[in-house]
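In case you want the letters, here they are:
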Amino acid sequence: MQAFEYASPTTVKEAVALLGNKWGEVDVLAGGTDLLSLMKERLATPSKLVNIKGLKELGGISAGKAGLRIGAAVTLDELMENAEIRKNYPSLAAAARGVSSPQIRNMGTVGGDLCQRPRCWYYRNGFGLLGAKDGKSLIPGGENRYHAILGNSGPAYFVSASSLGPALIALGAKVKLVSASGSRDVAVEKFFVTPQNEMSREIALLPNELLTEIVIPRDATKNATYELRQKESLDWPLVSASVALKMKGSTVTSARVVLGHVAPTPWSASQAEQMLAGKSITESVAEEAAKAALASATPLSQNAYKVQLARVAVKRALLAAASGRA
Amino acid sequence: MGTKGRCLVSSRKDPDVSKTGQSGFSRRGFMQGIGVGSGALGAGILENEAQAAPPPGGFSGPGGVAITLRINGKPTNLTVEPRVTLVDALRNTLDMTGAKKVCDRATCGACTVIMSGKVVYACSVLAIDAQGKDIQTIEGIGSGNKPHPVSMAFVHHDAQQCGYCTPGFVMAAKGFLDRTPNPTLEQVEKGLGGNLCRCGTYVGIRQAVLEAAKEIKGGKNG
Amino acid sequence: MANYSWPPMEKRRLMGKRLERLDGIAKSTGRAKYASDFNAPGMLFGEFLTCPHAHARVTSIDTSAAEKLNGVTAVRVIAKPGTEIQWAGAEVASVAAISEDVARDAVRLIKVGYEVLPHLVKEDDISKAGTRAKAAGETVTGDLEKAFSEADVTHEGSYGIPVITHCCLEPHGQVVEWKGKEINFRPSTQNVTGVGGDLAKNLQLPATDVHVKMDYIGGGFGSKFAADLWGVESAQLSKASGGKPVKMFLDRRTELTIAGVRPSAFAKVKVSAKKDGTLTGWQSDSWATGGFGGGGSPPLPYVFINIPNQKKNHSAISTNTGGVRAWRAPNHQQATYLTCCALEDLAAKLKMDPVELFAKNADLTARPEVYRNQLKKASELMDWGKKWHQRGDSGAGPVKRGLGLAIATWGGGGHNSQCRAVIHPDGAIDIELCSQDLGTGTRTIITQVAAETLGLPMSAINLKIGDNSLPPSGPSGGSTTVGGVSSSTRKATINALEKLYEAVAASLGAKQDELEAVDGRIQVKGHPDKALTWKAACQKLGVKVISEMGANDQKNPGGLNAQGVGGINMAEVEVDTETGIVKMKKFVAVNDCGLVVNPRLAESQIHGGVIMGICSALTEERILDAATGRVLNADMEFYKLSGVGDIGEIVAHVEVLPEHDKRGIVGLGEPSAIAIPAAIANAVANAIGVRVQRIPLTPDRVLAALEGRNA
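Protein chains in written order, with the numbering used here: chain A, 105 to 430; chain B, 7 to 228; chain C, 21 to 731.
Isolated chain A (complex conformation):
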């Protein structure tokens, strides 16, 4: 790691006062499982690091008027073990459980999951967020088995690494972003953005802002996450699907179907969502929805299999949600 100055403030106010106005100058340290790796690779070289684990305001899970509030520094383990979440938001608990290392679940935070950088191996090997050399992306003609099959018309081909993003989007969650001059609420769906150039980020957070909390609305849904990984032990998902269904009896009144690890952002499968409204979930309906969800997929040279995998994930997530299995 490049040497840096370190601060561990105790209030959000103190913390945001320490942030910079440009990416790369000041980084925010939460769980550390991603940021410290980036710093060791010198892909992140902040001159200042602000540790936010001492901010009590960022902890805790509590039910309020607007819904369930989850502090940004809540760990994946706390999230997964929370009774309210297990009961009403099993898709979120399952997404956290999918991070199959207890150590990472103990360290990694909800905010960190949303803000982590892509695992694209071109990025991690120093070819930039967009994986380019001499101005040309290495990915479409390169090793792209884990890359995007949707939203991949370029210049970004990586997949969002967030485990919780798809579930939070499906549940209609919002994040609170706080800066020294105020705060704003952003739908998680809008929080993820596809960068158009090397200098931009894959999230809507500004360098002087801190993600402080996530709020999930109180809507009752049947929800589930289904994730496909090759290994049982710690391994990145090849694809995941989170669904949240508003039901009237056995009929879906409205559906959210969000895919993970298939695009530079979590991917809302709106065709599938529309198709599901007014239907009961059966094996064949789930299959049709899965097909619709991937209808616009444009796989790269090595990752057509992810289209099939994503279909399976959607189908299995829908069947799990309908049957009350997360």
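Please note that the accuracy of each hint is not assured.
[To be verified] Interface residues of chain A toward chain C, partial, derived using beta-carbon atoms under 7 Å:
hint, residue
1, G124
2, D131
3, R249
4, K335
5, Y409
6, V411
7, V416
[What the hints assert, rightly or not] When the alpha-carbon atoms are kept at most 20 Å apart in a straight line, the in silico EDC-like pairs for lysine to aspartate or glutamate are as follows:
hint, chain 1, residue 1, chain 2, residue 2
8, C, K294, C, E135
9, B, K152, C, E40
10, A, K335, C, E594
11, A, K395, C, E598
12, C, K603, A, E336
13, A, K335, C, D172
14, C, K290, C, D172
[As the list claims (entries may be wrong)] Heads up, incomplete: computed chain C residues facing chain B, CB under 10 Å, no partners named:
hint, residue
15, K47
16, T49
17, A52
18, E190
19, P191
20, F312
21, E623
22, A646
23, E657
24, L661
25, V664
26, G665
27, E669
28, H673
29, L677
Note that these hints are calculated values from the structure, not bench results.
Predicted model, so just to flag it, every value in this text is computed and none were measured.
Backbone N, C-alpha and C define an ideal beta-carbon position, used for all residues, glycine too.
Keeping the supplied structure of chain A fixed, place chains B and C upon it in accordance with the hints.
Using the frame of chain A, we list chains B and C on its own:
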């Protein structure tokens, strides 16, 4: 804060300070100066860079900062740059080399320690950020003549070959059993999903963790 | 001449027993000190600057900024301007500094100019290798054309097994202190006896100047025999830093890029057989890379060496990638994979159970009886007869089960080893040999043999290994250690005992050759009443110390150790045909291994071999980028190793029978690690009804095979 770390100063202009005092290649010399509650060797810190910790809220570093870590129940003073990870502080500064540095990227679990009761990767915790936490390392579980039941179970089931992943696995298993005292085999497999072995000792590890659970519950040992 | 032969099976007290490994507690309590755990006062840290290009010429190098950095003690140029670099990750410069962080800061301050040259890093498609592929030339036996034309059935297939790395958890490296004339060298090595001389040679010093010490090694698997450039650079950095010790261990990225690989192997194979399964012809065009130097040549056809008609050719492809090192059974995983996949495909075409096909053709192997028996044993343990089905006949539902089989052989034998047994007048015993315990249990084995011979408990033996001032013993490679060290220890302890008998014979009123060492006594054979305790016997030595040598001669093991083993592996898998995800259900490994000194440790070796093979079959491969020539997954996140939940049930069967025992001791490290990927690949083919041509069996490959898009 605690005492300023005693530093082995070395720089290009003064490349041979080790001539004074300790000599040779023995570990004994290294261990001088490390003790409970005393200053540890501030490996790799230039003396003029060491500074006391700043008030909360302000920045400290990038040079050495005097910190106190509570390791295995004992407060230990040392001086580290903010960029020093807990595993490097343990291994290079405190000569507690049970935790291993293998992937150094929060993947393999060889550096696993228990912090505030939870298993974590020490490669991905800054030492400076571990202040105020209870840190338990492999050196702090069991004792010389009475190893921890998990360590013993690893021996009984030959759950180790080269042994380099073993301390990390033992700590992961202990942390797991602290939370899951009556595990099923499936829970053991999931509970140790954050650790990797290359020699292929998982058959023994599964058995060892199940046995250790019984042993701990029976209170026969530790 | 003393009789060194092993005590009869029924008389052994310690050998053959399931004893716990002696260093188990040291390891599981974290007290075992590995080379990378060594700390010393004033110790410096060494780092490499490595080349980012797969092929380049260094045009300039400027180290001035690095030299000026506070805390840096030495900077050395390895690749001077003009040097042509042949793979990414190659060492360009080295730095020593007061901490790893400062050393890394310094490395980044070194400015290197490169002229980037064209590279080749991929070899899976030989048609793209051009002049980088060198064919060895055809070898022909019999009349293959005739065999093929007369065969009842022929099968043609393409198969591939990728380059993988050793991924030792303790990376390559060492601590070196070069002070004046003396070099203290603490490497992570499989070769304590030889590595000092290797360093000395590279530094143009007499071997006597290098003192090597290593207590524990965190994995080697064939990759840690030499002093290596990092050993040499650490020494030079130490010298340049006034003789301070320099610790230099490769970071994971460098480790997985340059510290050794297992070569790949690809082949187009054609086999033929009669209706009854008798093999009549084999043709293979194989190719491989192991880096710039080309690629290993797998011995084909594997095990079924006497197929009457054969035509083979192998091409070695030079690629701009990090070089090959021995990888636990060099060339054998590849050979059995290429052979057994083709045979399983042939069996499927014949609608024949492959166990029958293998048994039918056992006469084409060097040990027909061994394999027939092992096929029977393995089938029994797997319940093969009940579970096996015709290829693809796996019932309804998306999840399919299947069984697969593969075969192994290995040489082994015992390496040259010398042991010194010292009996002190107070009864204390030193057993000294410059060997190393890779985690295979070498410490435990030596102690079992010594204590068995001397009639004492294990705790009476003070074992010294891991120091090159001790009597030389071979490097730990090729499964030769257990045979070597156990034989030399047996001889040394018997020789020492003879001297003790000589000293006490008179006081027991017997001749020297009428004595025996039993249960802590020296006694007249069969007469516990005519005895001296061990201690009392040793006191008769007065001030004299007994120090006797024993040697194993690799070429003349005298019946104490042997070489040549066979093994049969069977896998049961479950494949989700919707996702292509393969899960291990059960694995059966049957190995013959001669006299088994410690069945517990033997089983651990087999478990380890199987689990390494599961990684290789399912997840593990080095992934290179054609355009940049870089290893993209030189980490432990995408260089995927199986975890504790990924291995299924493993049954290790060690044959402990008189007919094996009488052969003497045979190593097990290699043979246990050979046939696993092949067996698993065959099980997947059996489950899903089609062949996945290349491993690892990742979802993309499995789904492609199911859709008929075999790559």
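Consistency of the hints with the structure:
no.	hint	verdict
1	G124	violated (22 Å)
2	D131	violated (17 Å)
3	R249	holds (6 Å)
4	K335	holds (5 Å)
5	Y409	holds (4 Å)
6	V411	violated (10 Å)
7	V416	holds (5 Å)
8	C/K294 / C/E135	violated (58 Å)
9	B/K152 / C/E40	holds (17 Å)
10	A/K335 / C/E594	holds (14 Å)
11	A/K395 / C/E598	holds (14 Å)
12	C/K603 / A/E336	holds (9 Å)
13	A/K335 / C/D172	violated (42 Å)
14	C/K290 / C/D172	holds (13 Å)
15	K47	holds (3 Å)
16	T49	holds (5 Å)
17	A52	holds (6 Å)
18	E190	holds (5 Å)
19	P191	holds (8 Å)
20	F312	violated (26 Å)
21	E623	holds (8 Å)
22	A646	violated (25 Å)
23	E657	holds (5 Å)
24	L661	holds (5 Å)
25	V664	holds (4 Å)
26	G665	holds (3 Å)
27	E669	holds (9 Å)
28	H673	violated (13 Å)
29	L677	violated (23 Å)
Taken one by one, the earlier hints fail for this structure at numbers 1, 2, 6, 8, 13, 20, 22, 28, 29, listed in ascending order.
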